[in-house]
Amino acid sequence: MFKKSFCVIALGLLLFSCTQKHQTQLAPEYLFDQSDEHVISSVINNKQNTISIIYGNDLALKYAHDTLRMHTRGEKFIMVTWIQKPMPHWYGTNMNGNILSVETVKVSQNPNGDVLYDYQLQQKDGHHLVKREANNDKRIKLITGQMAAVFP
Amino acid sequence: MKNSNPSPLKKLLLITGIVVIGITALQFRDAPVVNPPVTAEVQLPDDVKAIIERACYDCHSNLTEIAWFDKIPGASQLVAKDVTEARSRLNFSEWDKNQPAVQQLLLWEVVNAIAEDKMPLHNYRLLHPGATVSAAELDILKKYVNTLSGRHKIDTARIIRNDQPDLSAAIRKVPVSLNGIPYAADYKTWKVISATDKYDGGSMRVVYGNDIMVKAIKEHTLPFPDGAKIVKAVWGKQREDQDGNVLPGNFQNVQIMIKDSKKYQSTEGWGFAKFDGLALKPFGKTAAYANTCINCHRMLVPESDFVFNIPTK
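Top to bottom, those sequences are chains A and B.
For the first sequence, this note's numbering gives the first residue as 1, with consecutive numbering after it.
For the second sequence, this note's numbering gives the first residue as 153, with consecutive numbering after it.
Calculated from the structure, these hints are not laboratory results.
Keep in mind the model is a prediction, meaning the values are calculated, not measured.
Where a beta carbon is used, it is the ideal one built from N, C-alpha and C, also for glycine.
Possibly wrong hints are sitting among the right ones.
[Unchecked claim] Label-pair distances were calculated between CB atoms; the ranges are:
#1 B:274 - A:128: 43 to 49 Å
#2 A:110 - B:450: 57 to 63 Å
#3 B:301 - A:47: 18 to 24 Å
#4 B:201 - A:141: 48 to 54 Å
#5 A:76 - B:274: 49 to 55 Å
#6 B:282 - A:128: 53 to 59 Å
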């Protein structure tokens, strides 16, 4: 009797496992809370295996549209970088996975009118983003130097 | 004296037998699958072609070879239905009916359908085990699609900028897709749900979700609720710089998915729209274009509520 019941249960489980659709696990931890910032542009880097979005406040977006490239005090740029991963179920596309870093550049001016950049780097350490010191000139140039991606 | 008249039951069995044999004979004679002429066969390297012919041609070409057991009454109708459906989606014998870019996308789709174990269909493979594609053969197909021109496409054209997008959007008529979905620029204020490098066709995308969509992702809600909206903004890819950075080139299109389980019941609850170029020309010749969208989404991502571009583990 026990043997028979065991076989019925085993068969049932087998059938269930065969008919169960594998449910996708959503990953809200990949989302970045961009607050009210706008998308300025995005960057793929296959050497680093990363994908990034450069966000900006109203002033930063205005600057990114401006062909004269004149900075205004108060511009704020945020570059969020994710690790790239293959898109599940579609060979032929890579997409963002976990957040690796968040870089912020705030633009100000001294009394002489010189443009000053305040650069902050936060890198993922386990589940938290922590501040790091970094050589920033090249990064500031990359983050603030992009023309806005074209939208209709 | 022995009674030579058969019983009524025997008579009935005899008549039934004759009718069944007759119908069977007719079925064998009139196999419903016919092969129309090959108008433009796909051109592929020999090793790739051999795999495609063996795995796909019985349904996705005009060179269908019907096995004897496919002609059995009942089965033959099912086979005919499958072949008709398969040819309408992808026909290697009428290849020039697709634009070159679509041809490449179809080949990537073939690779994905096989990689995801969706094609050849399971029930077809049971009766035609020779159609199964091995891992080594799938690698050959993958290597091949990576040689297609879209794979390394670089947008070198001068970038056309729409300097006053909001103004031009305000004065022009709102474009509406053939299935009635209007373009709306409000997605620019939504949250980004993913960013992608679609290297199979040389484009990069930023994907936005409205509040309902983002809330659903945050609360792990699947299927997505009615009112969820996704918008993909698509650009070409500029040439990689010395540090490996690739930036957006020209704007290509905007793609929209709107969840309304009643309105879009036939497409798994999703309304699809696509608007091409800065002029936002509605995509497609008829509203049936949405079937092309859902056919691929339905085959490959049913467990993600038919959406590819969402953050998943």
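Original post:
What hints, given by number in increasing order, does this structure fail?
Top reply: Violated hints: none; all satisfied.
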